[in-house]
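Trainee: Below, each chain spelled out in residue letters.
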Amino acid sequence: MTENFQSGKKNALVLAIASPAGRALLALLLVLIIGAIFNADGAFFKIGTHRDTLRQASVYGILACGMTLVIISGGIDLAVGSMLALVAVCCAQMAIHWNWSGWLVVPACLIIGGCCGGVSGFVTARLGVQPFIATLSMMVLARGLAKYASGGMKVSTAIMNPDGTFRYVEVPRFFRLVDHHILGGNLSVVTLIFAACVATAWILMSKHRWGRYLYAIGGNEEASRLSGVPVVAAKTLAYVASGMFAAVAGICQAAQEQQGDPEAGMGYELMAIAMVVIGGTSLMGGRGGIGLTLLGVLTIGYLDKVLSINAVPEAGRLVLTGIIIVVAVLTQRRKRT
Amino acid sequence: MHTKYPILTTLATLALATALFSACNKSSGPAGANTTSTTTPTRQFVIGMSQCNLGEPWRVQMNADIAAAAAKHPELKVIFKDAQNDTLQQRAQVEEFASAKVDLLIISPKEAQPLTEPVAHAAAAGIPVIVLDRRLLGTNYTCFIGADNKKIGRAAGEWIVKMLQGKGNVVELMGLQTSTPGQDRHSGFLDGIAGSDLQVIFRADMQWLEPNARQEMESALARFDKIDCVFAHNDDGAHGAYLATKAAGREKQIKFVGIDALPQEGVAYVRQGILDATFQYPTGGAEAIDTALKILHGERVPKEIVLGTRLFDKDNVAQGGVALK
Chain R
1237 MTENFQSGKK
1247 NALVLAIASP
1257 AGRALLALLL
1267 VLIIGAIFNA
1277 DGAFFKIGTH
1287 RDTLRQASVY
1297 GILACGMTLV
1307 IISGGIDLAV
1317 GSMLALVAVC
1327 CAQMAIHWNW
1337 SGWLVVPACL
1347 IIGGCCGGVS
1357 GFVTARLGVQ
1367 PFIATLSMMV
1377 LARGLAKYAS
1387 GGMKVSTAIM
1397 NPDGTFRYVE
1407 VPRFFRLVDH
1417 HILGGNLSVV
1427 TLIFAACVAT
1437 AWILMSKHRW
1447 GRYLYAIGGN
1457 EEASRLSGVP
1467 VVAAKTLAYV
1477 ASGMFAAVAG
1487 ICQAAQEQQG
1497 DPEAGMGYEL
1507 MAIAMVVIGG
1517 TSLMGGRGGI
1527 GLTLLGVLTI
1537 GYLDKVLSIN
1547 AVPEAGRLVL
1557 TGIIIVVAVL
1567 TQRRKRT
Chain A
38 MHTKYPILTT
48 LATLALATAL
58 FSACNKSSGP
68 AGANTTSTTT
78 PTRQFVIGMS
88 QCNLGEPWRV
98 QMNADIAAAA
108 AKHPELKVIF
118 KDAQNDTLQQ
128 RAQVEEFASA
138 KVDLLIISPK
148 EAQPLTEPVA
158 HAAAAGIPVI
168 VLDRRLLGTN
178 YTCFIGADNK
188 KIGRAAGEWI
198 VKMLQGKGNV
208 VELMGLQTST
218 PGQDRHSGFL
228 DGIAGSDLQV
238 IFRADMQWLE
248 PNARQEMESA
258 LARFDKIDCV
268 FAHNDDGAHG
278 AYLATKAAGR
288 EKQIKFVGID
298 ALPQEGVAYV
308 RQGILDATFQ
318 YPTGGAEAID
328 TALKILHGER
338 VPKEIVLGTR
348 LFDKDNVAQG
358 GVALK
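Chains as they are written, first to last, in my numbering: chain R, 1237 to 1573; chain A, 38 to 362.
Derived from the structure by calculation, the hints contain no laboratory data. Just so you know, these numbers come straight off a predicted model, no measurement behind them.
Restricting the straight-line Cα-Cα distance to at most 25 Å, the calculated cross-link-like pairs of lysine to aspartate or glutamate (DMTMM-like) are:
1) A:K263 / R:D1277
2) A:K199 / A:D185
3) R:K1282 / A:D262
4) R:K1383 / A:E93
5) A:K292 / R:E1406
6) A:K114 / R:D1399
7) R:K1383 / A:D123
8) A:K351 / A:E195
9) A:K109 / R:D1399
10) A:K351 / R:D1399
11) R:K1282 / A:D265
12) A:K362 / A:E324
13) A:K204 / R:D1277
Pair ranges (Cβ atoms, derived):
14) A:S224 / R:A1252: 47 to 57 Å
15) R:G1558 / A:Q290: 29 to 39 Å
16) R:I1369 / A:G203: 53 to 63 Å
17) R:G1558 / A:T124: 26 to 36 Å
18) A:E133 / R:T1436: 45 to 55 Å
19) R:D1277 / A:G310: 25 to 35 Å
20) R:S1463 / A:Q214: 53 to 63 Å
21) A:T215 / R:V1250: 38 to 48 Å
22) A:K340 / R:L1340: 54 to 64 Å
Don't be surprised by glycine CBs; every beta carbon is placed ideally from N, CA and C.
Next comes chain A alone, as it looks inside the complex:
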């Protein structure tokens, strides 16, 4: 490298970095350092929240849910950290929160093995820990809150059996099959359709990605003249499949079912008549704050809270869906 203006370059870089840094600090996303600090006579509680990554809208939603729930309780102050999908960075965040002696730690861990011990250290130092969505090994935490992908997959399978009256041709667009949610949604779905005359005629791994789902669906449409239903492991996949089918002019003959039901994605698609149903994969953000308040006020909480799912279809979407057991 032979730049002619080393000083100029350095200065420009510094200026840019400073500007960006201050901009990022001002508002780091919808769930930035949301500090609800009003002067109240009651004790202030500081909650540290370590999110494994904010690359997925679902996790952005989780942080937003936590921030919204916490905003209703002025005595709570939540500090958000994003580990950017880096296990060691998340470990460092847990250690930072522990040494800052936060009143409670919420962690949505990237992986179980490497984060179990750091969390156990924090718990041993007397900090209550709520584990969200993904599990850790052992029981060195206060409470686990998460949903059951297998149950959701089964609920989707059972709904499809009911809709198609027990028989028909189904295309399954699977989430990444090397990930646990993808595997669980798949095996749950198989449980759900077991015993019916439903045939899975085409099955492809679309890796949670909409463009891939669209391509796979085009292949399925080219091969099969009679498809009754598409079950995609996420709403993006179902949306991509719908667009492919609409381009082929066959969207009236096929039902589309997805999972996740984020307000601005799956639920919106059901409202717009794109999807026939979506099953919520809850973030647990609001439940985490409820549980945190109980812990902070000295109440007992269960070791494990399994969240239920909600079904959104065209009949109930206006009422906010129905809860499934």
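Just chain R, same shape as in the assembly:
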């Protein structure tokens, strides 16, 4: 970068834009401007549109929180979509069919997600299998478990009796609570849950020793090991956390659909990775942060919404999304000095 700016003010602005956060913000602003121009007869300016955008992006966003932890440690977690489906199925089974209270369902779901993540983490960190392969196996395994647990059918409020007829039960109160609007109908509870996940991930990464370990491992694993970082434990925990975030996403998914769908979450892992990368977190590990991921989540969420309210046909949507992801990532590319 040349250093011939006249005013220090301008210099500061350029520096702000040049920072990863500034660039991620720029991408988000670009999408918002596009939305303001193509506002579909003013639909873009309604509060409800923004509430719905945030609601739709929340499940992806929760997955992206866990994904950020794993990516910063130099790994990747392809299993989040399948773990979401497994938890959604188990959650629906427990809450709808067994009529368990939410106080019991949520911890049970977190344990299921944590265990799945723990297996991925153990295979990666302890047994030394590449994260891509280890989590790919978990992706297939968890999908299989989800189908096995549900018998391939959606777990819904229609419960089959032994004689093949159906009885119908109420949607659990705890599902209604999660899929609820607050503040005069202007904010979805799932968005609040997403915000809580972002806050948790932020605290873990910036205020806790473990977060610094993850950055160190992602930066240089061997050097971290030599300087006494508990590499295996820290890495395994990153996958456990990713599994638990996937479990939260699975609960939100089940509550919003009012059923557990073993096919849910297909391709969500790629969406979560795209959100992390657009934010500016490096896939090589060691660089990035949860704030950047939040910007990435909002960028893709709003892009999706703008295309949707304008009823852009599917083919055009895929092309545009692809182009915008590439452009956003290119602006994120840092010049190595």
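For this one, chain R is given, so just place chain A on it according to the hints.
Mentor: Frame of chain R, contents of chain A only:
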């Protein structure tokens, strides 16, 4: 990879695989190797059933329908195979059934072109073949059983015209438009509403997925203050649209119509007052077993059986719907 315990890992993997394998063999889903083998003096017939995938509840239901129908006939033994959406795997299954000399083959093929010849070989070897749901090329099979998506789409369109008395604003949430069912349900629907004053004000491809349908419906609600009816190409889509509308507090003003009418999905939604109507896309499982029995007992069967649809709305859902011509 540098594992410290190669033997331990191998043993653990083996143990896990064995455990899973035996668990899967014991009961592979609701339609696992359902062998209704009771000792009867009559001849036993073995039917091979190759399902293209069990990823969709509708296909799980198809297998369940076949198993339920076959369970009523102790002389039938049905062997189910799932090709997991892999054309070549399904081809191998057809060849396996043919070389095992099953008495009859039922196939719900993934695609026409690559499976036509393997099925023709089986038919040439003297095995009667029933093709279910999706078609094959040519006529080298015994009987095709399937439903007509275009007809179902048209029936839905006509029902909506009647309900709205010929005019109103409709949102169409379409199934994947690169798939034949999605295209046929769409064009049938257009036929059904042709000539009326119905306006399709918002149209989106929700790819059969409930979360997508919910998002698209939210967009439609944000844009239009007056929507009279949502027509979704499957019940999942209609359910997602209902949830979006309920969140906006406008579900009383809008009618919701879906397709498929699986007992635990669409029909349940109509019973619960979520959907106003759903049109059955029949699996043909029971008809396949009926036809199989006729073939096995030497009776003649038509080359093609087109299944009718059933309408489920709040007036007739308790009686099990009404058949439409």
